[in-house]
Amino acid sequence: QPVGFLAFIDHRDSERIPVGVAYIVDLYVRPTARTSGAFSSLFGAMLRVLAPTYEQVWGNTHQQNRRMQVLLTRYRFSEFDTFQLPGLTSQKYYRRSLQV
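If you count the sequence shown from 1, you need to add 1 to reach my numbering.
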């Protein structure tokens, strides 16, 4: 049974997303699977799928979502403040290069 999902958009879905960037819009892992390595497997699969097509992957999380901030940092995402999506207040934005 699926224990999580991840969805992203790119420049074809929104003019605000630069060419070469996959933007994570949804990421969910069932609470019962969060300690089983499901997140690691999901993230690893995402990186393998996106790497041939995209240069970077970006995402955001609420300023108070410390759990997600720790996970993103663990997977080599860096916080950046040169990008914002209108209507999403109180967010921190993260990005990671997909180039080896």
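These are calculated hints, taken from the structure and not from any lab test. We treat Cβ as the ideally placed atom computed from N, Cα and C, and that holds for glycine. There could be a bad hint or two in this list.
Derived SDA-like pairs: lysine to any residue, alpha-carbon spacing no greater than 20 angstroms straight-line [unchecked claim]:
1) K93 / R67
2) K93 / S37
3) K93 / D11
4) K93 / Y76
5) K93 / G38
6) K93 / R68
7) K93 / Q70
8) K93 / V71
9) K93 / H63
10) K93 / F9
11) K93 / R49
12) K93 / Q65
13) K93 / T33
14) K93 / V22
Beta-carbon label-pair distances, calculated as ranges [stated by the list, open to error]:
15) Q2 / L86: 28 to 34 angstroms
16) T83 / P3: 32 to 38 angstroms
17) V4 / F84: 26 to 32 angstroms
18) H63 / G5: 23 to 29 angstroms
19) S91 / A52: 26 to 32 angstroms
20) R13 / V71: 15 to 21 angstroms
21) F6 / T83: 24 to 30 angstroms
22) V26 / V4: 16 to 22 angstroms
23) R97 / D14: 26 to 32 angstroms
24) R13 / S41: 17 to 23 angstroms
25) Q100 / A8: 30 to 36 angstroms
26) Q2 / S91: 21 to 27 angstroms
27) S91 / R49: 29 to 35 angstroms
28) D14 / D82: 30 to 36 angstroms
K93 paired with R68 [C-alpha distance capped at 20 angstroms]
holds, 13 angstroms
CA of K93 to CA of R67, is that 20 angstroms or under?
Within the cut-off at roughly 10 angstroms; holds.
Kindly confirm whether 23 to 29 angstroms is satisfied by the beta carbon distance between H63 and G5.
Since H63 and G5 have Cβ atoms about 19 angstroms apart, the given range 23 to 29 angstroms is violated.
Take a quick look at whether K93 and F9 sit within 20 angstroms of each other, Cα to Cα.
Roughly 17 angstroms between the alpha carbons, so the hint for K93 and F9 holds.
CB-CB spacing for F84 and V4 relative to the 26 to 32 angstroms hint:
holds, 30 angstroms
Hint check: K93 vs G38, CA-CA at most 20 angstroms. Holds or violated?
violated, 25 angstroms
Quick one: are R13 and V71 within 15 to 21 angstroms, going by C-beta?
violated, 31 angstroms
Quick check: does the Cβ-Cβ distance between T83 and P3 fall within 32 to 38 angstroms?
holds, 35 angstroms
Check the hint pairing K93 with V22 against an upper bound of 20 angstroms on the C-alpha distance.
holds, 17 angstroms
Has the given pair, K93 with Q70, been kept, meaning a C-alpha gap of at most 20 angstroms?
The hint holds at about 9 angstroms.
Take a look at whether the Cβ-Cβ distance between S91 and A52 falls inside 26 to 32 angstroms.
Cβ of S91 to Cβ of A52: about 31 angstroms, so the range 26 to 32 angstroms holds.
Satisfaction of hint between R49 and K93, Cα-Cα up to 20 angstroms:
At roughly 24 angstroms apart (the allowed maximum being 20 angstroms), R49 and K93 break the hint.
The structure fails hints 2, 5, 11, 13, 18, 20, 23, 24, 25, 26, 28 (numbered hints given earlier, in ascending order).
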